[in-house]
Structure formats: C-alpha cells, structure tokens
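J.: In the order they appear, the protein sequences are chains F and E. Heads up: the first sequence is residues 230 to 540, going by the numbering used here. Heads up: the second sequence is residues 38 to 472, going by the numbering used here.
One or more hints might be untrue.
[As the list claims (entries may be wrong)] In silico SDA-like cross-links for lysine to any residue, where the CA-CA straight-line distance does not exceed 25 Å:
hint, chain 1, residue 1, chain 2, residue 2
1, E, Lys441, F, Thr325
2, F, Lys435, E, Asp355
3, F, Lys435, E, Asp201
4, F, Lys352, E, Val84
5, F, Lys308, E, Pro365
6, F, Lys410, F, Gln241
7, F, Lys352, E, Lys439
8, F, Lys308, E, Phe366
9, E, Lys441, F, Gln241
10, F, Lys352, E, Asp355
11, F, Lys352, E, Asp315
12, F, Lys308, E, Ser363
13, F, Lys352, E, Phe442
14, F, Lys410, E, Ala312
15, E, Lys441, F, Lys435
16, E, Lys439, F, Ser318
The set of hints was computed from the structure by calculation and includes no laboratory data.
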Amino acid sequence: MSEPLRHLLDFQQVDRDQIDAILETTEVMAQVLERPVKRVPALQGFTVATLFYEDSTRTRLSFERAARAQSADVMAFSKGGTSVSKGESLRDTVATLDALQVDAYVVRHPAAGAPIQIAQWTKARVINAGDGRRAHPTQALLDAYSYRQATGRAFEDTRLVIVGDVAHSRVARSNAELWHKLGAQVVLCGPPTLLPPSLAALPGVKLEPNLQDALKGAHVVMALRIQQERLTSARLPSLAAYAAQYQLSEDRLALADDDVVVMHPGPMNRDVEIDGALADGPRSLVTRQVAAGVPVRMAVLYHLLVGKGSR
Amino acid sequence: MSLQQDGSKLRTLIRGATLITSAGEQGVQDLVLAGGLIEGHEPQGPVDVEVDGTGMLLTPAFIDPHVHLREPGFEVKEDLASGLAAAAAGGFGTVVSMANTNPVIDEPGLVRWLIDKAASLPGARLRPAAALTMGLKGSQLTDAAALKEAGAVMLTDDGIPVSDGEVMRRACEWAAELGLVVQTHSEDPTLRRDGVMNEGEVSERLGLPGNPRAAEASMVYRDCAVAHLTGARVHIAHVTCREALDVVAFFKAKGAPVTCEVTPQHLALTDEALASFDPIFKVAPPLRTMDDVLALREGVAIGVVDCIGTDHAPHTRDEKHQDMLSAPFGIANIEVAFPVLYESLVLAGIVELPALLALLQDGPASVMGWPIPSLEVGAPADVVLLDVTSARTVDPMTFRSKAKFSPWDGESLHGWPAKTWVGGSLVHDLVPSAG
C-alpha cells in the first residue's frame with residue numbers, strides 16, 4: 230500500500246497505485262455528476278482556495294465546481310484582485326491565506342516551481358493547476374482518463390505522440406511524465422525551435438522532429454496549442470508554415486494505428502495545429518476531455534483531503 | 038577584544054602565527070602593526086595589543102574587485118556600513134563597489150560622497166567603480182576623466198551588459214587613454230532573453246526559461262575583441278562557462294589586455310541547485326553545469342583565471358521569497374567566500390593554498406593596477422588571520438551583511454577568517470567580544 234498523497238505538484242513523487250486510485254475515483258465522481266442532485270457531502274467542512282496568478286477561467290471554474298460538488302467551501306483569490314495585495318512576497322501572501330484556515334490550495338502561477346514553494350510554506354494541501362511550462366498534472370490525469378475510457382487500451386501497449394509547442398508546454402511535460410509512469414511509449418514532436426534537444430533527458434521520452442516518423446504506429450496523438458507570440462519571438466515564420474508541416478489531419482494519421490484517437494487540451498486553434506474536421510470527427514476525444522475535467526479534479530481533491538490515511 | 042576605530046595609533050603584536058603569502062609559507066613569525074603599516078617582526082616601541090595567532094595563518098587581507106554594497110538607494114538590501122563590515126568579516130581589506138545604485142554612480146560628486154562616507158566607517162577600504170554610461174543606459178558615456186579624478190578606480194555598467202558595440206569601443210578608447218580598467222558584465226541580452234537559469238537539461242526538466250552559455254561566450258568574445266582593438270584593460274566579470282573561459286584564453290594568447298574573474302558560487306555550485314526552486318540560487322550569469330565548474334577550476338589551476346570576484350549581491354529576504362521569475366538575481370556571499378573557496382579549491386585538491394591566496398591578493402591587485410599585497414615592512418597593515426584547521430557551521434544570522442541567508446546555510450566549512458585588520462585597526466573578530 231502506498232503512502233497517502235499530500236500534494237499534487239507533478240508526478241515525480243506519485244506512484245502507479247496512487248495514479249490508479251485517482252483514476253478509479255474519477256469514475257465514481259463521473260457517476261455522481263450524472264445524478265439529479267450532483268452533490269456529495271465528502272468534503273463538507275473543508276475550505277479550498279483557488280490561487281490564480283495567471284488567467285484561466287476554464288481550469289478555475291472546473292476546480293471550483295469539483296470542490297462545491299463535494300460540499301467544500303471555496304475561496305477565490307486572483308492576482309489583480311483585491312485579495313492578493315501587490316508588492317507582497319509570495320510567502321507573505323501564503324501566510325495571510327493560511328490564517329484563514331485553508332485546507333487546500335489550487336495554484337496556477339506563471340513561474341515554474343511556485344506551487345512547490347507554496348507547499349514548503351503551508352500546512353495545507355497544494356494542487357498544481359499549472360506552473361509556467363513545468364507541470365499541469367490534473368490535465369494529464371484527465372487526458373489519461375479520457376483515453377482509457379474511450380479506448381480501453383492498456384497504457385503499456387500505447388504509443389503517445391505529442392505534437393506542437395513542446396518547449397513551452399506544461400501539458401506536454403505532465404503528460405510525458407504521467408504516461409511514461411503508466412507504461413506508455415512517449416514521443417514528442419515539433420519544429421526544432423519548439424523542441425529543445427535537452428528535453429530528451431526527460432525519463433522515457435523520445436524526440437522526433439519529423440511528424441511522419443512520429444505518427445508511425447501511434448495510438449493517440451495530442452496536438453498542443455500554438456500561440457501567436459511564438460511568431461514575434463522568431464520561433465515560427467508563420468502559422469501557415471507551421472500548419473503545412475505539423476497540422477494534424479486525417480490524411481497524416483494514415484501512418485498511425487488504424488484506431489488512433491486525437492486529443493487537444495484546448496483552447497483549440499482550428500485549422501492551425503489541428504484540422505477542424507478531425508477535431509470534430511469520430512477520432513476526436515476533445516469533448517470527453519472537457520467532460521473529464523470536473524470528475525478528475527473531484528477525485529484529486531478527495532484523495533488529498535480525505536483519502537485513506539490523508540489525515 | 039573590541040573592534041577598533043583608529044588602530045593606526047596602536048601597536049599590535051600578532052604572535053605565533055604562520056606567515057603565508059602567494060609565494061608560500063614563511064614559517065612561524067611574530068608580526069607587528071604600527072602607524073597603519075607593517076612595522077616588522079619585532080616591536081619598535083611599546084605594544085598596546087597582543088594577539089595570539091598560534092595555529093593560524095597570517096596573510097595580507099584580500100581584495101575583491103566586485104561587490105554590490107547597494108548604497109545609495111537600496112539600503113534595505115545593504116549599506117556601506119553593513120557591506121564593509123561584512124567584507125572585513127570575509128577577510129577582505131579592500132573592495133571595489135559597483136555603480137548600479139540609485140542614483141547610479143555616474144557623477145564625480147557621487148564618487149567623492151561614497152569615498153568620504155566610507156572613510157569614517159570601520160571595515161574594508163572602499164574603492165568605488167563608476168558607471169561606464171550615464172544611468173547605466175548604455176548610450177551616453179560618463180566623464181571618465183572626472184570620475185577618475187574623483188577617485189573611481191574602474192568603469193563598469195555591471196548588472197547590465199553594454200549591448201551597443203560602438204559604445205563599448207569608444208568607452209574603451211577613453212579608458213585606455215586614462216589607464217582605467219573597464220569591467221564588463223558580458224551577456225548578450227538578445228540571447229539571454231528571459232532566462233532565469235542555465236539553459237540545458239535541468240532547465241528543461243524544471244520548466245524554467247533558460248539562459249544559454251552562448252549568450253555569455255559571444256559577448257565575452259566581443260568584449261575581448263574590443264580590448265584587443267583599443268588596447269584598453271578589459272576585465273571580464275564572473276566568467277561562468279567553459280566556452281567563455283576558452284574565449285578569454287584565446288585572446289590572452291593573442292596578447293589582448295584582458296583579465297577575468299570567477300565567483301565562489303560558480304566554482305562551488307551547479308544548476309542542479311535550482312531544483313529546489315529556491316530563488317536564493319538565482320544569479321546572473323547563472324549557475325552552470327558540473328562540466329563548467331570543472332572548466333573554471335581547471336582555469337584556476339592553469340592560471341587563465343586572474344582573480345576571484347565575489348559579486349556579493351545582497352537582496353532582502355522578502356525579495357528572495359518571490360517566485361523564480363520575479364525574484365531578483367544575486368547571491369550574497371562575501372562572508373563565506375573564503376571558506377567556500379578553501380573547500381572547493383584547496384581541500385578539493387585543485388590548487389594549493391598559496392595559489393588561492395594569489396587569486397585574492399596578487400590577482401585582483403594586478404587587475405586593478407595596484408601594488409601587490411605583502412607582509413613586508415612598510416606595507417599597509419591590512420592583514421587577515423585565517424583558521425584553516427577547524428570547521429564551523431555557516432549561520433547566516435551571524436552575518437554582518439543585511440542579507441542573512443545563504444546558499445551554504447548549515448554547511449560545515451573550513452577556512453574562516455578569524456581576525457581582520459585594515460590600516461592597523463581590528464575590523465573583524467570572529468570570537469565574540471568579551472568587552
């Protein structure tokens with residue numbers, strides 16, 4: 230039996246049993262959300278604070294919904310709001326919030342490592358909701374959950390290909406870390422300016438700048454969002470040039486496994502990183518991914534706050 | 038023993054220490070300080086203070102060509118009093134302060150103000166650097182002749198690379214004429230971009246924006262080439278990577294008037310330290326890889342590295358309690374510099390102690406064009422008594438710097454400066470004073 234999870238910062242300290250437990254609980258939570266009364270008392274009396282230093286309405290609403298569906302109290306703090314005062318050190322902000330008896334922080338921060346720093350300063354649980362380009366573990370969990378639910382294929386028999394702006398992607402890093410732990414083969418693919426060779430040092434990861442080679446035998450392909458600012462920083466000549474070489478399309482997937490599925494963490498640039506028809510077609514798990522957000526986050530909150538041995 | 042304000046009026050006899058300089062050990066001999074100078078081995082008059090140096094090493098106080106004392110403008114981080122006391126506690130008798138204060142030291146009046154204020158403070162001697170360009174903005178040159186006249190000993194925009202090549206060239210032409218050293222913080226800002234740590238496997242793993250070695254090496258090349266072109270004495274601050282050191286060696290071989298320094302942290306720590314996500318390790322240029330550390334140590338051993346510059350860069354604890362992107366660059370280290378160097382160079386078997394002393398005495402003096410520190414009769418009574426035999430745990434709360442935190446907090450290190458005299462005044466005494 231593995232140790233109870235204290236925080237979910239990334240998957241470095243998380244073992245296979247803990248991952249399986251979260252994925253199993255996610256199924257239960259998904260059932261709860263299909264009931265007429267979509268609410269259980271599991272986290273009654275707990276206070277969850279969302280601490281967002283970076284805008285993200287979707288992730289934040291998803292966490293708040295996940296907390297309220299388990300009857301937790303929710304406090305929302307955001308940068309620029311009155312709650313997080315300007316000029317205060319991160320540590321002082323955490324001390325101030327700790328005084329409000331927060332049980333779990335859901336942290337999004339533009340700086341990699343900020344949730345790790347916070348976890349060192351507080352007695353509360355910390356869930357990383359995305360830190361810089363480093364990690365976004367609940368996104369990876371909901372991706373893995375969606376894939377398993379949709380295909381039933383064992384992770385050990387799976388070739389995952391992640392395509393796009395790998396350099397700046399916490400989604401890519403967290404998925405690579407999680408799927409490698411689950412036994413999948415992980416291939417990262419993208420243009421050379423967005424696929425730093427040093428990424429090859431990540432455990433269990435293979436870099437393949439050529440899309441055709443990367444897609445051979447793939448069971449699941451994730452497209453990453455290409456951001457406009459990559460054009461101004463000389464990473465890409467144009468979105469059209471990117472699409473010409475790296476856009477996912479039904480034609481290109483001919484090289485992949487017959488049953489290949491495609492995923493996207495959203496928000497999507499249709500017809501840039503992914504062909505619109507493919508995103509809407511039968512291979513796409515995008516709708517499932519969106520639906521999995523709340524139950525996965527419910528499961529994570531549950532395991533950290535009241536899971537076996539967590540208190 | 039109390040610290041002394043004006044020890045030049047006292048005659049101090051230091052008994053029983055082993056005298057040592059970069060030339061080697063000179064055996065156990067007494068040393069007498071009087072009138073602010075080294076009087077010799079026998080007192081020439083009544084002794085006011087006697088100090089037992091048995092079991093310790095006595096050597097000229099160190100010179101640091103690179104410190105940030107933060108005054109004026111950032112006294113919350115450090116001021117002249119705390120910084121010069123911290124320097125003395127580190128065994129330094131003379132420090133060169135950088136000009137990136139507020140206001141920037143770009144006017145002769147500010148240079149004189151610094152010198153006057155420091156003169157009344159106990160601790161190391163202050164020799165201020167002045168800015169190379171007005172307001173460190175990298176465009177309009179400062180009046181180097183007037184700044185030199187006021188007492189500035191170096192021109193530098195340290196903290197900010199001089200991105201305009203012609204500005205660098207013309208500043209060097211003035212400096213060459215005046216015989217002033219130009220010190221450069223050599224990093225190409227367009228390659229460095231938003232990097233907060235060394236670019237490589239560790240930065241990719243941690244998801245932090247990287248700053249590639251190429252940013253440093255390419256700018257070191259330009260600055261060395263400008264030294265070669267103009268004949269100005271160009272001193273490359275904090276060389277941190279193998280490629281940059283190779284460039285310095287290349288230009289030295291061509292006879293270009295370039296010198297370089299390395300910091301204690303870049304000789305002792307690697308980018309793996311950033312895995313803690315503790316901004317205490319955030320410094321510019323960044324901590325590099327073990328391969329770079331080995332290259333710097335080799336550079337020390339073969340003499341490509343001219344001296345140590347601590348780049349003592351204090352910040353407040355609050356500023357370092359920010360996230361990795363927001364926290365400022367810089368490590369405060371002057372009080373632990375010698376123990377860290379003693380451990381990473383001497384005890385690690387890279388060089389013998391006299392060679393390390395050369396990096397803290399002869400080296401910086403040559404870079405600055407100053408007399409070589411010595412224990413000869415008539416030399417300034419700037420000496421330090423070193424205890425290299427006993428280990429001591431780093432306790433930042435005892436620092437005299439305002440930055441009471443350290444990358445080496447809690448580590449047990451050898452090589453602590455036990456007592457420091459500057460101009461014959463006792464300005465540091467490691468043993469708590471009994472009154």
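J.: Given the hint that Lys410 (chain F) pairs with Gln241 (chain F), test it: the Cα-Cα distance must not exceed 25 Å.
T.: Distance ~9 Å between Lys410 (chain F) and Gln241 (chain F) Cα, so the pair holds.
J.: Decide if the proposed pair is consistent with the structure: Lys352 (chain F) and Asp355 (chain E), CA atoms, cutoff 25 Å inclusive.
T.: Holds, at about 20 Å.
J.: Check the hint pairing Lys308 (chain F) with Phe366 (chain E) against an upper bound of 25 Å on the C-alpha distance.
T.: holds, 23 Å
J.: Quick one, are Lys441 (chain E) and Gln241 (chain F) close enough, alpha carbons at most 25 Å?
T.: violated, 32 Å
J.: Please verify whether Lys441 (chain E) and Lys435 (chain F) have alpha carbons no more than 25 Å apart.
T.: Given pair Lys441 (chain E), Lys435 (chain F) is violated - Cα atoms ~44 Å apart, limit 25 Å.
J.: Decide if the proposed pair is consistent with the structure: Lys439 (chain E) and Ser318 (chain F), CA atoms, cutoff 25 Å inclusive.
T.: Within the cut-off at roughly 18 Å; holds.
J.: For a C-alpha distance cap of 25 Å, please report whether Lys352 (chain F) and Phe442 (chain E) respect it.
T.: holds, 23 Å
J.: Hint check: Lys352 (chain F) vs Lys439 (chain E), CA-CA at most 25 Å. Holds or violated?
T.: Violated - the C-alpha atoms of Lys439 (chain E) and Lys352 (chain F) are around 29 Å apart, more than 25 Å.
J.: Run the distance test for Lys352 (chain F) versus Asp315 (chain E): straight-line Cα separation, threshold 25 Å.
T.: Holds, at about 18 Å.
J.: For Lys308 (chain F) and Pro365 (chain E), compute the direct alpha-carbon distance and say whether it is at most 25 Å.
T.: holds, 20 Å
J.: Take the C-alpha atoms of Lys308 (chain F) and Ser363 (chain E), compute the straight-line distance between them, and say whether it is at most 25 Å.
T.: The given pair, whose Cα atoms are some 14 Å apart, holds under the 25 Å limit.
J.: Taking only the CA atoms, is the gap from Lys441 (chain E) to Thr325 (chain F) under or equal to 25 Å?
T.: Since the Cα atoms of Lys441 (chain E) and Thr325 (chain F) sit roughly 23 Å apart, the hinted pair holds (cutoff 25 Å).
Of the numbered hints given earlier, the model fails hints 2, 3, 4, 7, 9, 15; all others are met.
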